Amino acid sequence: MYQKLIFCTIFALSSFAAATNLALLAPFQIQRLLENITHCDVQILHDGIDIGSFDNPVKVIYIHKYLNRCSNIFEYCPSAINAISSRSPECKLSFLLSNIYVRAFFNIRPASPPLFILMSLSSHYHVYYMDYGKDERFYYLENKMFFVILTRKPGKLNHFESLVLPLRKQTFVVILSYITENLIHKVCGIPYSVDDVVRRFEDCEEIIDWHQRTSYVTSWKSEWHYKLPYLFERSSTDLISPNSNPFDHTKDYTIQHFAEISFSKANMTVTQSVHGQDSGPLLQFNYDFSPTVLNGNMEIMTYTLITTSSPGLQFLSCYRERYQPYQIYISPFQRDLWLALFVTLTLNVVLASIYKHFSVYTNISFSTWLFILATMFEEAGHVPSKIERNTHFRLTLGIWCLMSVILTNCYNGLMISELNAPLPAFEPGTFRDLLCRKLSRIIDYSIVNDIKYLDAEGKFIHELTGLYFSSIMKGNFTTKNNRYVGHNCFKLLSMPISASEMGVPRLPEFVNFLINSNPLAQNNRVENSYLIEQAKLFTSLLLPIHSHHPNNFTYSADPKNFTEFKKDIERDLVPCGKTVFIAYPDVLEGEYAFLSKHYPWHKFYKGKQILPSNWYATVFRHVGISKIPIYNKYLVESGVFGRLWYEMYIRLDFGRKPATDESARRFKQPKESVNSLGLGGAIQTFFIVWATTVVLTLPAFGFEVRHRIVQWLWVMALSIYITTLKIWRSKCFQKIKSIPRLGSQIGTK
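The sequence shown maps to residues -19 to -1, 1 to 730 in mature numbering (1 follows the signal peptide of the UniProt record, and there is no 0).
Note that these hints are calculated values from the structure, not bench results.
Note that the structure is a prediction, hence the values are computed from the model and not measured.
The beta carbon of each residue, even a glycine, is placed where N, CA and C say it ideally should be.
Mixed in with the good hints, there may be bad ones.
Listed next, with one range per pair, are the computed distances between beta-carbon atoms [claimed, not checked]:
{"id": "1", "residue 1": "I690", "residue 2": "L322", "range": "20 to 26 Å"}
{"id": "2", "residue 1": "T327", "residue 2": "I701", "range": "39 to 45 Å"}
{"id": "3", "residue 1": "W693", "residue 2": "S346", "range": "17 to 23 Å"}
Mimicking DSSO-like on lysine-lysine, the simulated pairs with C-alpha atoms at most 30 Å apart in a straight line are [what the hints assert, rightly or not]:
{"id": "4", "residue 1": "K608", "residue 2": "K167"}
{"id": "5", "residue 1": "K461", "residue 2": "K587"}
{"id": "6", "residue 1": "K578", "residue 2": "K589"}
{"id": "7", "residue 1": "K419", "residue 2": "K578"}
{"id": "8", "residue 1": "K608", "residue 2": "K461"}
{"id": "9", "residue 1": "K548", "residue 2": "K584"}
{"id": "10", "residue 1": "K587", "residue 2": "K559"}
{"id": "11", "residue 1": "K367", "residue 2": "K337"}
Please model the entire structure based on the sequences and the hints provided.
Have a look at this one:
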């Protein structure tokens, strides 16, 4: 908060001031600085000077006790306040009073170790919190600091050597409080800087109304920089355009316009951050909490965070396993049961036919296969009385009748259920549905010291992941030399991460997430059952049998821009094979809208599971007492930030065309095909089943009426013969026959 400021007061008095004058001057100037300030933690560090008392509660510290004890951030410093055990103050004030600045004014060296330690003690070691797991203190580092110098002759401050501040990369404001020769108290300020050295005191601007000091300081003109996320950084090179309505799609609207909205109420200019630029206030969008690594220099990198979202990774695809309509008649029974049923029926028909042929029943008309076929369709077959009393037929055909009752009812029940409520085509809904190989266990490297003690699965995982990441880190990985990729496994494609540091190639976003979020990355020994399952899932998805890169991908020093990456992924995604695109919801929503618009014949869908990811925020670095974070907080809480951010993601695809002209022509129109009659409806299914039964019974019917068929054919042949004979002997035919031919008449003439 902007009112939570640290006033580090340095009393620098002129050389003719006596120690007794210090007691008279200091209370007046301190009391002046404490006007209209309540609910503050006031801290006075002194070396033995007595300045009286004040109305505010004051914590007095004798600095000689801590000069050599609080030089390191991890050391125990009794002067600090426990943040958990104290109230939350609105402001924090700290005054440094020392006899050093009374004598020998021109020989003072502000950069000397004692002054540096005093300033560090006042600013760094004021509030702490405990890490009870490690039993050590961690101190809050302040970056909104007012260094107030009190003096009687400010002109002589130009003889001061450069004032080295205790922290680098911080935002400080130096305030000069002095008494003129006419005993008029004046206050002026030096515009703040992120530099660690204050060099020019003659640029002090007078603050006329001390009650408006904060507003006056924040109105100083400054230059801000903003850092772009990867997708905006690489997708457009022209970021400067006139202000426009963000919802008017006929005009350009870039992330710079969004940054200008954030800075619209402040007197400042906005420029894009150049790589390696570390000076000046910086606004960073989409700051990911996860890759933040605490190292030796993190204490000098303070910032203000405004949490904007906590998204998760989700996948997009159009792959589905189509439902086969004719498979409904095979699916009720497994393949082995169909095979056993076929063998049983064949043996029954063959054995019954052989027995009938060589027994006394050879002259009896009875078809074994027709009877069995009738029982399969729940119809009554004709069995002569002599045969049905025979013991052999009763054992074979009677047992089959009992079996057919059970089998046909089970078959009909399962098939009717499928007809009434057919299952849709299979679509992967969770990330477990994308797995090509499910791991049975995870490797605990805290127990296994040598890979030779691993089982076959452990060695397989160790070999795959080792070679895979080794080739990526060396920068020689290509999709062509990935010999472990499974052709029947899902391709898990994602955009590259936003940064590439120290020569490390840009990893795909999903691969980076699996590495950072895997419980094994935090602790090799995982005992919680949920974390074990998560580790199995993340490790399985990380195996190179799942391709994580689009076709013909290679790592290079000059990576493709955002649009080109999207086109490569689009080429792999549109054929609707085993390929998914994994991204955060805002990016995924824009891609879903684009693909659904240009490929309407494909049904794209989003996965039902969202992998929990990291927190994202807008980061303000080196802001000092600026009110810019407050303005942006209002934008986030009111929903304006989210709406404008979504609009910018949608605009990334404006003007984008399908991946290539060739692919656009290939998928422009669906292939026309004549659909044959299927089993999609109940009425069609009824007639098809009925017709099949009739066709199967026709041979038996023809065999039973073979004599009548022969008689009918004989009658038809005889009728044709008699009719032909009558025509031959008829008078009309004789007259036609007696007409002389044209050729014969010409010849006689």
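Hint check results:
At roughly 33 Å, the beta carbons of I690 and L322 sit outside the given window of 20 to 26 Å. A C-beta distance of roughly 43 Å is found between T327 and I701, which places it inside the suggested range of 39 to 45 Å. Against the hinted window of 17 to 23 Å, the Cβ-Cβ separation of W693 and S346 comes to about 20 Å, which satisfies the hint. This hinted pair checks out: K608 and K167 have alpha carbons roughly 25 Å apart, not beyond 30 Å.
A threshold of 30 Å between alpha carbons decides the hint, and for K461 with K587 the separation of about 29 Å falls inside it, so the pair holds. For the suggested pair K578 and K589, the alpha carbons sit about 22 Å apart, so the restraint of at most 30 Å is met. Annotation: proposed proximity of K419 to K578 is violated, straight-line Cα distance about 36 Å (limit 30 Å). Taking the CA atoms of K608 and K461, the gap is about 53 Å. The hint is violated against a cut of 30 Å.
Between the alpha carbons of K548 and K584 the distance comes to roughly 19 Å, so the proposed pair stays at or under 30 Å and holds. Under the criterion of a C-alpha separation no larger than 30 Å, the hint pairing K587 with K559 is consistent with the structure, at around 14 Å. Restraint check: the Cα-Cα separation between K367 and K337 comes to about 12 Å, which is no more than 30 Å; the hinted pair holds.
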